[in-house]
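The hints should help you fit chains B, C and D with the ligands onto chain A, whose structure is shown.
Chains as they are written, first to last, in the numbering used here: chain A, 1 to 311; chain B, 1 to 311; chain C, 1 to 305; chain D, 1 to 305.
Some hints could be false.
[Claimed, not checked] No farther apart than 20 Å at their CA atoms in a straight line, the calculated lysine to aspartate or glutamate pairs in the EDC-like style are these: (1) C/Lys-144 x D/Glu-176; (2) D/Lys-144 x D/Glu-176; (3) C/Lys-157 x C/Asp-106; (4) A/Lys-99 x D/Glu-109; (5) A/Lys-246 x A/Glu-307; (6) B/Lys-99 x C/Glu-250; (7) B/Lys-99 x C/Glu-289; (8) C/Lys-157 x C/Glu-109; (9) A/Lys-246 x C/Glu-109; (10) D/Lys-144 x C/Glu-176; (11) D/Lys-40 x D/Glu-88.
FYI, nobody ran anything at the bench for these hints, they're computed from the structure. This one's a predicted model, so the numbers in the text were calculated from it and none came from an experiment.
Residue strings, one per chain:
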Amino acid sequence: MTQVNQSQLRPDGAGLNQATGSGPLKATSGQLEYAAEVVSCHQLNAGTYWLQIYCPAVALSCQPGQFVNLSCSQFLRRPFGVAQVDRAAGIIAIGIQLKGQGSADLAASRPGRALSVLGPLGQGFTLPQPGTEQLSSGSGQPPLLLAAGGGSGLFPLLFALHEARLQGCRTAAVLGFRSRDRVVLADSFRAVCSDGLTLATDDGSLGVRGTVATALAQLELLPGEPEGQNVARAGQAVTVIACGPKPMLAAAASWSRSRQYPCQVSLEERMACGFGLCRTCACQITREGRTEMLRVCYEGPVFNAEEVFPE
Amino acid sequence: MTQVNQSQLRPDGAGLNQATGSGPLKATSGQLEYAAEVVSCHQLNAGTYWLQIYCPAVALSCQPGQFVNLSCSQFLRRPFGVAQVDRAAGIIAIGIQLKGQGSADLAASRPGRALSVLGPLGQGFTLPQPGTEQLSSGSGQPPLLLAAGGGSGLFPLLFALHEARLQGCRTAAVLGFRSRDRVVLADSFRAVCSDGLTLATDDGSLGVRGTVATALAQLELLPGEPEGQNVARAGQAVTVIACGPKPMLAAAASWSRSRQYPCQVSLEERMACGFGLCRTCACQITREGRTEMLRVCYEGPVFNAEEVFPE
Amino acid sequence: MSLSVDLSVQVGPSRLKNPVVAASGTFGFGREAQAFMDLKRLGGISAKAVTVEPRLGNLPPRTAETASGLLNSVGLQNPGLQHYLAHELPFMQSAGFFIVQNIAGDTVEDYVQLAEALDQTAVQVIELNLSCPNVKHGLSFGAKPPLIREVTAAVRKVTTKPLWVKLTPNVTSIAEAAQAAREGGADAVSLINTLLGLAIDWRSRRPILHNNTGGLSGPAVKPVALRMVNEVYRTVDLPIVGMGGIMTAEDVLEFMLAGASCVQVGTANLLHPQAMPQIIRDLERLCQEQGIARLSQLVGQLQLW
Amino acid sequence: MSLSVDLSVQVGPSRLKNPVVAASGTFGFGREAQAFMDLKRLGGISAKAVTVEPRLGNLPPRTAETASGLLNSVGLQNPGLQHYLAHELPFMQSAGFFIVQNIAGDTVEDYVQLAEALDQTAVQVIELNLSCPNVKHGLSFGAKPPLIREVTAAVRKVTTKPLWVKLTPNVTSIAEAAQAAREGGADAVSLINTLLGLAIDWRSRRPILHNNTGGLSGPAVKPVALRMVNEVYRTVDLPIVGMGGIMTAEDVLEFMLAGASCVQVGTANLLHPQAMPQIIRDLERLCQEQGIARLSQLVGQLQLW
Ligand SMILES: Cc1cc2nc3c(=O)[nH]c(=O)nc-3n(C[C@H](O)[C@H](O)[C@H](O)COP(=O)(O)OP(=O)(O)OC[C@H]3O[C@@H](n4cnc5c(N)ncnc54)[C@H](O)[C@@H]3O)c2cc1C
Ligand SMILES: Cc1cc2nc3c(=O)[nH]c(=O)nc-3n(C[C@H](O)[C@H](O)[C@H](O)COP(=O)(O)OP(=O)(O)OC[C@H]3O[C@@H](n4cnc5c(N)ncnc54)[C@H](O)[C@@H]3O)c2cc1C
Ligand SMILES: Cc1cc2nc3c(=O)[nH]c(=O)nc-3n(C[C@H](O)[C@H](O)[C@H](O)COP(=O)(O)O)c2cc1C
Ligand SMILES: Cc1cc2nc3c(=O)[nH]c(=O)nc-3n(C[C@H](O)[C@H](O)[C@H](O)COP(=O)(O)O)c2cc1C
Ligand code: FES
Ligand code: FES
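The following block holds chain A by itself, in its conformation from the complex (with noise of 0.2 Å):
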């Protein structure tokens, strides 16, 4: 378990854009593909690589949730979420999950390597705003963020946490993975969550014993949390994002709907494109009862809960 240097992420959000939880905004630059180089690439744990890129343009103008898709040895492009950003250095990191040929080729990629980034992709999450809400749940309290999070659907959910904790959020995560020896990213995790992060592993190794479902469920009783006390407590605005395989996705969303916490899923989907054009990413979703086919990688991939889940 290897921390994330967050050296270059400027603690006081200075040259951040401030403007996250307007939305997100499509590329208006008339620019979608960059020539970028890897600045490093190092492994977090068996199977997880970190890789940083310079890509000044991506770096300044992604959201929490957006996704890159890289060029690599494959004929296709590798979509990768983007799961930290340095718009002073123009830096944007990814988590890479060893899965075939193209992540395989991208983890093994040495500082200067040129790659193709088509970027920022896609809508991502959208972050509670301290401003607003605070003033409409008259609580007085900052609304809080929690991620859900698995497998590769971890790192997306970094940046979120990072730039809802820089806008005055609060935030807390859940993650879940297989065993203790494959925990990543804890304490780059740690360092965005004010309200707390948990951990749960499959075998009990470490944390909750027990999938992110699990882990949910037992959100309440959790040490800092008073017994019987929700993580919001009463009255104030939660907002739930998740991140990782479908049924987690699943979970995120029905322990969400019964708490009646507004929920945000982000999908996965093979894509050939990543950018709109040829509807090989279509995913169901419903809305207004009907159920369409939208694009994962154009109208999402973050879509909310309810229409990926419908009741």
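Structure of chains B, C and D with the ligands alone, referenced to chain A:
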């Protein structure tokens, strides 16, 4: 025009396989493909590169005129004649003329790059044997190897001249280029030619104005040779080897024939495997009055000139 | 020094400012790409296939990567004719590019209805997609010359728009298919649609595509496409819209030499958003370098051995 | 821990020690490869096509590189039946591998004569090549089901050897072709031979191959090959010898899941001399990892959606 550093070749020939003249042997080691590594790659002039590869097994057994088939960025391998061998260091060198994507990729190699090498492939040149031929010609003079080359064909000639020189032959070469600024390796060739190097340029900007054929026709008249007298003084054994564009090979063949010098030419053909399996590299060879389709990669690339250009 | 180059081409009755047309299904209706490209610089856009009724298309996964190619099984997802006429066509018209409208149907009547509806519109060319491998009856039209002739002739009756008939390569004789299109009254044939293929995930023991099979496109199919273009060029007297694996301007030259009057670029758009503008720039440069004053001179100039 | 794995497979009447057979035309008669490989470890070798008379084959260039594939137009170069019987077959027999002999002809009589000549020899399987794209009448046999049936039946009459009928993929319906082979008495169909393709040198404006067109092989064609194997598996009751773009053991698993009883490896041999031994080793390892005791269990286990 850059001179190749010959320092890695031991000038006394120690450690070199002295059995070169016994005719090329098939690799019998049971292996054909080697994991090799780029030692260095540098530019000789616009469009020409010199690539050194660490591949001890090939360096040890490779004969002049043989070639290697190298992995590159493209689907098929790329064949290149071996231009220099340092058996002691386990290094082979090839000259690369830029043509398309494969040659460009190889020319862009950095030290340490892993390459898969098939080799040594094909039947090389049969070099004159100072011991035997000297006796039979009765002249007391060692036999002369005259190499004629142009385009990418000149590279393997360097290896052949070097070996012949080490074995005690006299050596001479006639090399053709488009113009003065395209000349490469002149000093390297000069170092292995005991009996003179003749350069020809199409535009006359260096040496003879014209082609290799022009230069061959004028060979008797060149400085250093008494007018009207052949490079091979009367009664002496001359062996001609030629490598380059087909018209040049034809010219060398007909020049040799008119003087009754044995001539060997090295052919090129598009090839898929390079080691005899597919028969895509066929060339028309006339043997005993019959046309056969032989494999450039297996029975060749070196053939007797009269088999390629029958009267 | 810099030769002025004429990139314009003639395809039957139509004149295109250059030969580079976006291939149907790989460029939507042009909406998404306008953010990063001047659509008017293209030779044209063959817009996503439209059917009479809206179609949701197939379930995902809809794409699988293959060696130098990709399989897709989108399944003609589109908003249907009415929505198209009300929303997509007006957009395309206002964007001002050369509009080729790809249409697909299950019956001859479908094609006729679609063509009739497009006849009085700004659409410049109607492209009959007789070859979609991802829908039930898709292949059956394109695989049978008599059906190709019949549907082409039926559409020919209801519209004076130029008709490009898009053929499937999954046939024994592409020349017979093209000849049938000609007899039905086509103004050109579009060659090739995708090759029917299958990709398997050996771990799960399932096809990767939810539709099981899909259509293969990209550089992997280029040799097959070039062969078919040249076969039709040599045997059928009909302009050809060539496609299949075009990634570069050199590829365009190859297709034109083989006999294509213009080309379509599909998969390349998905990998490189700037593929088509880049190809057009490179075509101009190549023509200058090679002293080709009119690109269209090249059509069919391939010299067989 | 290390499960003992049975790699042997049954193909109609024949038992092979493993499913990896060298594809005809990419391995000669095995002579060249014996220098760097133990030929007996292979499942078998489908030897280069033999014709009644010697053939010099086509003029060069005979190969062109394509994206993830290659075109070839060797044109059935071979020493002819007499020389084969006198020199090649004895070598193969002494080398001791499972011999599949690929035969090709211009007429039904050619095939019959070749099969008759092989009937009393050590050849273990006769493979009827009805599909060479590089000779005049090559495709015509394989493209017409009635001809496939006729030639297979004629050969069936003169030999009791197992017959594999190798089909061309350049057809509208591979299932119909396979069905015809079955009706003619084939013991298996070999799928697929090469796709007909064209490569162009745009500078010289000529096809790269002297034969103009050639046969496309390699990973580029794998999705088409897998689709055809599965299509035949689902519709025709006949063992399948699968091939087309196999480079790895995983590819072999995919072909077997799709329905192939054994496979042939062609182009991979040309790029990697150790391709087949490596594939066999990897198959054993994969089976161990996946707990597959008998590789042949996988045949046809693909679960469609
Ligand atoms: C919007 C989005 C964001 C993602 N973010 C991350 C991330 O931050 N970190 C991370 O490690 N992974 C992420 N993934 C998954 C990642 O894209 C795949 O693991 C990767 O493409 C696998 O490529 P491969 O060549 O290693 O595997 P292979 O399985 O060999 O890939 C074969 C093909 O399948 C596609 N594919 C395979 N798995 C997936 C998948 N889960 N989703 C979509 N396509 C897939 C590949 O893109 C490729 O086209 C994300 C996927 C999407 C769609
Ligand atoms: C036996 C032999 C020895 C050779 N030795 C040398 C050498 O020492 N130095 C050198 O610079 N070149 C040499 N060549 C030529 C060299 O192989 C080609 O220039 C190179 O393959 C071109 O690849 P490319 O991708 O750059 O060009 P492309 O033209 O893009 O190649 C496309 C395909 O054509 C083949 N091809 C292209 N040109 C040739 C050619 N002339 N001969 C054979 N195949 C060709 C390629 O191998 C490839 O398969 C030799 C060729 C042969 C057959
Ligand atoms: C994602 C995708 C969707 C496609 N949809 C259509 C379609 O709707 N109508 C059609 O005629 N062809 C369709 N095609 C085929 C292409 O238009 C084109 O014929 C084919 O992809 C070959 O060209 P390419 O190799 O340049 O992609 C589609 C291809 C792809 C890759
Ligand atoms: C160079 C070459 C020569 C071939 N010659 C023959 C042949 O003589 N007979 C035959 O049936 N198939 C021949 N084939 C086709 C192969 O046997 C095989 O069907 C095809 O290449 C697909 O498999 P692959 O992709 O693994 O190469 C040849 C293929 C190649 C590449
Ligand atoms: S991947 Fe092409 S539209 Fe989403
Ligand atoms: S290239 Fe395969 S036999 Fe020569």
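Please name the hints from earlier in the document that this structure breaks, with their numbers sorted from lowest to highest.
Of the numbered hints given earlier, those the structure breaks are 4 and 9, listed in rising order.
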